[in-house]
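S.K.: The primary structure of each chain is shown beneath.
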Amino acid sequence: MKNVMGIILSGGRSTKLKELSTMRSSPAVPVGGKYRAVDFVLSNMVNSGIRNVGVITQYSFRSLMDHLGSGKEWDLDRKTDGLFIFPPFLSDDNSGWYRGTADSMYNNLTFLKRSNEEYVLISQGNCVYTTTFDDMLRQHKETEADITIAYREMNDVPIEELSNMGILQVAEDQRVIDFQEKPIHPNSLLGSLGTYIIKRELLMSLLEECVAHGYYDFVLDILVKMLHKLKIYGYKFNGYWRSVSSVQMYYRCNMELLKPEVSNDLFGSAKIFTKVKDEAPAKFNEEAEVRNSIVADGCIIEGTVENSVLFRGVTVKKGAVVKDSIVMQESIIEENATLNYAILDKNVILSKGRCLKGEETWPIIIGKNVMV
Amino acid sequence: MNKKEMIALLLAGGQGSRLGVLTKNVAKPAVLYGGKYRIIDFSLSNCINSGIDTVGVLTQYQPLKLNSHIGIGKPWDMDRIDGGVTILSPYLKAESGEWFKGTANAVYQNIHYVDRYSPEYVIILSGDHIYKMDYSKMLDFHKENKADATISVINVPYEEASRYGIMNCHDNGNIYEFEEKPKNPKSTLASMGVYIFNWLTLREYLIKDNECPDSDNDFGKNIIPSMLKDGKSMWAYQFSGYWRDVGTIQAFWESNMDLVGRVPPFNLFDADWKIYTPNPVKPAHYIGPSACVKKSMIAEGCTIYGTVINSILFPGVLVEEGAVIQDSIVMSNSKICKNVSINKSIISELVTIGANSRLGEGADIQNEFKPSIYNSGITVVGEQANIPDSAIIGKNVMIDVGVGPEDFDSLFIESGKSVFKGGVIE
Numbered sequence: 001m002k003n004v005m006g007i008i009l010s011g012g013r014s015t016k017l018k019e020l021s022t023m024r025s026s027p028a029v030p031v032g033g034k035y036r037a038v039d040f041v042l043s044n045m046v047n048s049g050i051r052n053v054g055v056i057t058q059y060s061f062r063s064l065m066d067h068l069g070s071g072k073e074w075d076l077d078r079k080t081d082g083l084f085i086f087p088p089f090l091s092d093d094n095s096g097w098y099r100g101t102a103d104s105m106y107n108n109l110t111f112l113k114r115s116n117e118e119y120v121l122i123s124q125g126n127c128v129y130t131t132t133f134d135d136m137l138r139q140h141k142e143t144e145a146d147i148t149i150a151y152r153e154m155n156d157v158p159i160e161e162l163s164n165m166g167i168l169q170v171a172e173d174q175r176v177i178d179f180q181e182k183p184i185h186p187n188s189l190l191g192s193l194g195t196y197i198i199k200r201e202l203l204m205s206l207l208e209e210c211v212a213h214g215y216y217d218f219v220l221d222i223l224v225k226m227l228h229k230l231k232i233y234g235y236k237f238n239g240y241w242r243s244v245s246s247v248q249m250y251y252r253c254n255m256e257l258l259k260p261e262v263s264n265d266l267f268g269s270a271k272i273f274t275k276v277k278d279e280a281p282a283k284f285n286e287e288a289e290v291r292n293s294i295v296a297d298g299c300i301i302e303g304t305v306e307n308s309v310l311f312r313g314v315t316v317k318k319g320a321v322v323k324d325s326i327v328m329q330e331s332i333i334e335e336n337a338t339l340n341y342a343i344l345d346k347n348v349i350l351s352k353g354r355c356l357k358g359e360e361t362w363p364i365i366i367g368k369n370v371m372v
Numbered sequence: 001m002n003k004k005e006m007i008a009l010l011l012a013g014g015q016g017s018r019l020g021v022l023t024k025n026v027a028k029p030a031v032l033y034g035g036k037y038r039i040i041d042f043s044l045s046n047c048i049n050s051g052i053d054t055v056g057v058l059t060q061y062q063p064l065k066l067n068s069h070i071g072i073g074k075p076w077d078m079d080r081i082d083g084g085v086t087i088l089s090p091y092l093k094a095e096s097g098e099w100f101k102g103t104a105n106a107v108y109q110n111i112h113y114v115d116r117y118s119p120e121y122v123i124i125l126s127g128d129h130i131y132k133m134d135y136s137k138m139l140d141f142h143k144e145n146k147a148d149a150t151i152s153v154i155n156v157p158y159e160e161a162s163r164y165g166i167m168n169c170h171d172n173g174n175i176y177e178f179e180e181k182p183k184n185p186k187s188t189l190a191s192m193g194v195y196i197f198n199w200l201t202l203r204e205y206l207i208k209d210n211e212c213p214d215s216d217n218d219f220g221k222n223i224i225p226s227m228l229k230d231g232k233s234m235w236a237y238q239f240s241g242y243w244r245d246v247g248t249i250q251a252f253w254e255s256n257m258d259l260v261g262r263v264p265p266f267n268l269f270d271a272d273w274k275i276y277t278p279n280p281v282k283p284a285h286y287i288g289p290s291a292c293v294k295k296s297m298i299a300e301g302c303t304i305y306g307t308v309i310n311s312i313l314f315p316g317v318l319v320e321e322g323a324v325i326q327d328s329i330v331m332s333n334s335k336i337c338k339n340v341s342i343n344k345s346i347i348s349e350l351v352t353i354g355a356n357s358r359l360g361e362g363a364d365i366q367n368e369f370k371p372s373i374y375n376s377g378i379t380v381v382g383e384q385a386n387i388p389d390s391a392i393i394g395k396n397v398m399i400d401v402g403v404g405p406e407d408f409d410s411l412f413i414e415s416g417k418s419v420f421k422g423g424v425i426e
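Protein sequence lines, in the order shown, are assigned to chains A and B.
Each step along the first sequence adds one to the number in full-length UniProt numbering, with nothing skipped, and position 95 is 95.
Each step along the second sequence adds one to the number in full-length UniProt numbering, with nothing skipped, and position 134 is 134.
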C-alpha cells in the first residue's frame with residue numbers, strides 16, 4: 001500500500017473515560033499490559049505498508065507525543081515521509097483550536113498537499129483492533145467509491161454504546177444508504193469504525209468547501225450531508241474491534257484480552273509495535289498465585305493475581321490479592337491489600353491491608369500518583 | 001573525529017566450546033541469558049551506563065547472530081554520529097588475511113580503529129561475563145594511581161583460584177606479580193578480564209608483541225607479564241559485586257538460577273543500572289486459568305497453561321496444559337506440549353518438545369560423547385530440535401541442533417547419551 005497515506009484523528013476529549021483521560025487524550029490510554037490504544041491503528045497502518053502518517057491532536061497531548069516520539073518504534077523515523085504530529089497552532093488564518101475533525105485536517109492542508117499518495121486512510125486513534133487495510137483499499141477501487149467507510153456488526157457491543165457511534169445502513173452492493181451520527185435510537189447494528197478511505201485530491205476539495213461554508217465536522221458536515229451526492233460505500237470488518245471510549249468499554253476490552261481467541265486475533269499474525277521500556281522479565285516469587293492474567297515485563301509478584309491485567313513494573317506483595325482488575329505501570333499493591341473490579345492508573349500505591357472494591361459494571365478508578 | 005577520553009574494546013571472539021551445543025551456531029557472547037538478554041548485553045550496558053559511548057566489538061566466530069543483535073547499537077543508545085558501536089572482524093589485507101590469533105593480536109589488528117579516536121585510555125572487556133560495573137570509577141582509580149595499566153580483580157574462593165589469572169599485590173593494590181592459573185595460588189585476587197591501559201603504552205606493547213614470533217599474543221599470557229617485567233605501574237582495582245563467568249554449562253545454568261531467588265544476588269530490576277537489549281515485539285505474557293508459576297522469570301509473549309517452577313522462560317514460549325517445567329531454562333519461541341515434564345534442562349530457541357515427553361530423569365551419568373562438557377546433571381537441547389511425543393530422556397543428554405523425530409532410534413534416551421542430527425557426530 002505505497003499509494004496510501006494515513007491520518008489519525010486523536011483530538012477529542014473523552015469525558016466518559018473519567019480519571020483515565022484527565023491527563024491524556026484517549027489514544028494514549030494504556031491497554032493490555034504494555035500498549036497504548038494508538039499503537040493498534042499505527043501498527044495496522046505500518047503493517048499495511050503505509051509510510052506517511054499524520055497524527056492530529058489537541059487534547060492533553062503530552063503523553064501521546066512522549067509515546068510516539070520520532071516514530072522510531074513503528075519504523076516511521078524516515079528521511080522522506082514517516083510520522084508527523086500536528087497539534088493546533090496560531091497563524092494569520094488560524095484561530096488555534098481545531099473546531100472539529102474537518103477543521104483539524106483543513107488546518108493541516110499543507111501536509112495533504114505536500115504528500116504524493118493517491119489515497120488517504122483516515123482513522124481514529126482510540127480503537128483496539130488488528131487488520132491490514134489492503135482489502136478495504138481493493139474494494140474502494142473496485143466499487144469506484146468516493147469514500148469507503150469501514151463498519152462492523154456491533155452485536156457484541158451494549159446497545160447504549162451504539163448511541164456513541166456512527167450507525168449506518170448499507171444496500172446489497174455495500175453502498176451506504178443511511179448514516180446516523182450518535183443516534184439516540186440506532187436503526188441498525190452496523191457501527192462505523194471511524195476509518196475511511198478517500199482520494200487525497202477529493203479530500204482536500206471537500207475540506208476546503210466544508211470549511212469555507214463554516215462547517216467543521218467530517219462526519220456531520222461531509223459524510224452525512226453528502227451521503228447521496230457522493231458515492232459512499234461500506235467495507236465490512238469482521239474481526240475483534242473495541243473503541244476504548246468509556247470506562248465500561250475500556251474495562252471490558254482489557255478483560256477480553258484475557259480470552260485466547262481475542263489475543264490471538266490481535267497478536268497472532270501481526271506485530272503490534274509500542275514504545276519499549278527495557279524492563280527485566282516479570283518475576284514470580286514462591287508465594288505467587290497467578291491465574292488467567294496478563295503480566296507485563298518488570299512486574300514482581302508475591303501475591304495472588306486473578307483475571308487481571310498488570311502493566312509494566314507492577315509490584316504485588318505478599319498476601320495481596322488482585323482480582324478482576326487493571327493495574328497500570330509502576331503501581332504497588334502492598335502486603336495484604338485487596339483489589340477487586342478496580343482500575344489503578346500509573347504509580348498508585350495501595351497501602352497495606354487496604355481494600356478497594358468496585359462492581360463489574362462500574363469499576364472503581366484511582367487516578368495517577370495517588371496513595372490509597 | 002572527536003577525541004575521546006576512553007573507548008572500549010570488547011573481546012567477543014570466543015567460540016565458548018565448553019557451552020557445547022549452545023554455541024554451535026553462535027559465539028558465546030551471543031548466547032541467551034536471563035529471560036531476554038544475551039551475555040554481551042551486560043558489558044555493553046555497563047559501557048553506556050559508565051558513560052562510554054564508543055565501543056569496538058572484536059569478533060570472528062559465527063558472527064551472524066551477534067551482528068544482527070548489535071546492529072547499529074540502538075538498544076544501548078550507541079547509534080551515535082561520533083563513536084557508537086563498531087563491529088570489528090578480521091579482514092583480508094593487501095598481502096594476506098589472518099584470523100585473530102589471541103586477544104592481544106585482535107586489538108593489534110585494530111590499532112587504526114583506536115587511533116581514530118586518539119583516546120587517553122582504552123578499556124579492554126570480555127563479552128562473556130555477567131556483572132554490573134561502573135568503569136568510570138575504575139578509570140578514576142587508574143588516574144589517581146598514575147597507572148600504566150589497571151586490572152580489575154575479584155576475590156574468589158581459594159580452591160577456585162587456580163582456574164584464574166591471579167594478581168599478587170601490595171596492600172595499596174600495586175601489582176608485583178601475575179600468575180596465570182597457578183597450582184598454588186599466593187592470593188585469591190582473580191583477574192576479571194577487565195583492563196584499563198594508557199593507550200600509547202599499550203600500543204607500544206602490542207607492536208612489540210606482534211614482532212615476537214613465539215608469543216601467544218594474549219593479554220594474560222604475554223602483554224601483562226611483559227609490562228610487569230618492565231616495571232610499569234600496574235594496579236589491581238578490587239570489584240566486589242556479582243560477577244560470573246558463564247563459560248560452562250553448569251556455570252551458565254547456576255547463574256541463570258541465581259536470578260529467580262527472592263532477593264537475587266544479581267538484580268535485573270535496578271532502575272539506575274538498566275540492562276539493555278533489543279526488545280521483542282510481543283504482547284505481555286499470559287498466564288492461563290490452569291497455570292501455576294512460582295520462583296520463575298517469564299518474558300513477554302509467553303503463554304502458560306502448565307506449571308513452571310524455579311525456571312526462566314524467554315519470549316514467546318508456549319507451555320501447554322499439564323506440562324511441568326522445573327529448574328530449567330527455556331529459550332525463545334520454544335513449544336512445550338501437553339503433559340511434558342522437564343527437569344534441570346536447558347532448552348534452546350525454537351525447540352518443540354512433543355506431548356508426554358520427559359526430560360532430565362534417571363541417574364546422573366556423565367555424557368559419553370563430551371564428558372567434560374555435560375557432567376553436571378543438566379540435559380541440553382540444541383536450537384530448532386524437535387523431540388517426538390512420549391520420549392524419555394535422561395540426564396546429561398545432549399540433543400543436537402536441528403534434530404527431528406527421525407533422528408531418534410528409540411524413544412528412550414538413557415542418561416549420558418546424545419542424539420545427533422542425521423545420526424552423524426560432527
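Since the hints were made in silico from the structure, they are not lab data.
Hints should not be assumed to be uniformly reliable.
Claimed, not checked - Lysine to aspartate or glutamate pairs mimicking DMTMM-like chemistry, simulated, CA-CA at most 25 Å apart:
1) B:282 x A:66
2) B:338 x A:75
3) B:274 x A:75
4) B:295 x A:330
5) B:294 x A:134
6) B:74 x A:278
7) B:3 x B:53
8) B:294 x A:75
9) B:65 x A:278
10) B:282 x A:261
11) A:277 x B:53
12) A:277 x B:270
13) A:72 x B:216
14) B:335 x A:289
15) B:282 x A:181
16) B:295 x A:289
17) A:231 x A:302
18) B:282 x A:134
19) B:181 x B:216
20) A:275 x B:79
21) B:295 x A:278
22) A:271 x B:320
23) B:338 x A:118
24) B:294 x A:302
25) A:318 x B:258
26) A:346 x B:270
27) A:271 x B:79
What the hints assert, rightly or not - DEER-style ranges, computed between Cβ atoms:
28) A:351 x B:3: 37 to 43 Å
29) B:60 x A:81: 37 to 43 Å
30) B:174 x A:78: 53 to 59 Å
31) A:90 x B:3: 44 to 50 Å
32) B:254 x A:158: 52 to 58 Å
33) B:390 x A:353: 36 to 42 Å
34) A:116 x B:390: 56 to 62 Å
35) A:22 x B:272: 28 to 34 Å
36) B:60 x A:19: 41 to 47 Å
37) B:62 x A:81: 34 to 40 Å
In this text, a Cβ means the ideal position worked out from N, Cα and C, and glycines have one as well.
S.K.: Each hint: holds or not?
M.R.: Going through the hints against the structure:
no.	hint	in the structure
1	B:282 x A:66	21 Å, holds
2	B:338 x A:75	38 Å, violated
3	B:274 x A:75	24 Å, holds
4	B:295 x A:330	21 Å, holds
5	B:294 x A:134	44 Å, violated
6	B:74 x A:278	12 Å, holds
7	B:3 x B:53	12 Å, holds
8	B:294 x A:75	37 Å, violated
9	B:65 x A:278	20 Å, holds
10	B:282 x A:261	16 Å, holds
11	A:277 x B:53	20 Å, holds
12	A:277 x B:270	13 Å, holds
13	A:72 x B:216	45 Å, violated
14	B:335 x A:289	23 Å, holds
15	B:282 x A:181	36 Å, violated
16	B:295 x A:289	11 Å, holds
17	A:231 x A:302	59 Å, violated
18	B:282 x A:134	23 Å, holds
19	B:181 x B:216	16 Å, holds
20	A:275 x B:79	17 Å, holds
21	B:295 x A:278	21 Å, holds
22	A:271 x B:320	23 Å, holds
23	B:338 x A:118	51 Å, violated
24	B:294 x A:302	9 Å, holds
25	A:318 x B:258	21 Å, holds
26	A:346 x B:270	19 Å, holds
27	A:271 x B:79	24 Å, holds
28	A:351 x B:3: 37 to 43 Å	53 Å, violated
29	B:60 x A:81: 37 to 43 Å	39 Å, holds
30	B:174 x A:78: 53 to 59 Å	55 Å, holds
31	A:90 x B:3: 44 to 50 Å	46 Å, holds
32	B:254 x A:158: 52 to 58 Å	54 Å, holds
33	B:390 x A:353: 36 to 42 Å	50 Å, violated
34	A:116 x B:390: 56 to 62 Å	60 Å, holds
35	A:22 x B:272: 28 to 34 Å	31 Å, holds
36	B:60 x A:19: 41 to 47 Å	57 Å, violated
37	B:62 x A:81: 34 to 40 Å	37 Å, holds
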